[in-house]
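Q: Sequence:
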Amino acid sequence: MARVISAATTRRQRGRRTAWAIVIALNVLVASPASAGRPLATEDTGTLDPGKAELELSLDYLSDGEIFLLPGGPALNIGLLPRLEGSVATAFVLLDPEDKSLRAGFGDSLARLKYRFVDETPRLPALMAAVTARLRPVTGTAAWVRRASTSSRSQSRARRPGR
Numbered sequence: 675m676a677r678v679i680s681a682a683t684t685r686r687q688r689g690r691r692t693a694w695a696i697v698i699a700l701n702v703l704v705a706s707p708a709s710a711g712r713p714l715a716t717e718d719t720g721t722l723d724p725g726k727a728e729l730e731l732s733l734d735y736l737s738d739g740e741i742f743l744l745p746g747g748p749a750l751n752i753g754l755l756p757r758l759e760g761s762v763a764t765a766f767v768l769l770d771p772e773d774k775s776l777r778a779g780f781g782d783s784l785a786r787l788k789y790r791f792v793d794e795t796p797r798l799p800a801l802m803a804a805v806t807a808r809l810r811p812v813t814g815t816a817a818w819v820r821r822a823s824t825s826s827r828s829q830s831r832a833r834r835p836g837r
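So the sequence shown is numbered by our numbering: it starts at 675 and just counts up by one.
In case anyone wonders, no lab produced these hints; they're calculated from the structure. Accuracy of the hints is not assured; some may be wrong.
Derived DEER-like restraints, expressed as beta-carbon distance ranges [stated by the list, open to error]:
1) E717 - D738: 24 to 32 angstroms
2) D723 - A803: 15 to 23 angstroms
3) D773 - E717: 38 to 46 angstroms
4) L798 - V697: 16 to 24 angstroms
We treat Cβ as the ideally placed atom computed from N, Cα and C, and that holds for glycine.
Model the full assembly from the supplied sequences, consistent with the hints where possible.
A: As structure tokens, then:
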């Protein structure tokens, strides 16, 4: 039984390899000796001193076959005032529908302010509050991901009756 590989499949595979190469190259380029930072999975009451900045890099991966999402993208934290910290974080989306060309862009971003009300003492725990706002991506709204994904899935199912 011969396996037929279309030009679109070859382009899609090349696009995926290119995307992975970019992600790996960026990780290698920004790698440097790191100091221990705050926990990434839990919230910490610590805030940066005014004028200090930190870049948090992490990698998460979600995919449903057509959409490749890196939700744990870079986050930039900046100390604004004593006890007040601001941060901006974003995600990266790679859309690869079967019937259309490969598209990539930034997903929704988050802007956040965090304020530490009380410092930790031997008798009292620290107390902080944060406010987060979702920002639309610079490349447009993220609705194109949902529309393109839904339409390409329904077209794919219509073309493949055996599934």
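Q: All the hints need checking, so say for each whether the structure fits it.
A: Quick rundown of the hints versus the structure:
As the Cβ distance of E717 to D738 is approximately 29 angstroms, the hint placing it in 24 to 32 angstroms holds. The given range of 15 to 23 angstroms is respected by D723 and A803, whose C-beta atoms sit roughly 19 angstroms from each other. A beta carbon spacing of about 42 angstroms between D773 and E717 agrees with the range 38 to 46 angstroms that was offered as a hint. Checked against the hint of 16 to 24 angstroms, the C-beta distance between L798 and V697 comes to roughly 43 angstroms, which is inconsistent with it.
The structure fails hint 4 only (numbered hints given earlier).
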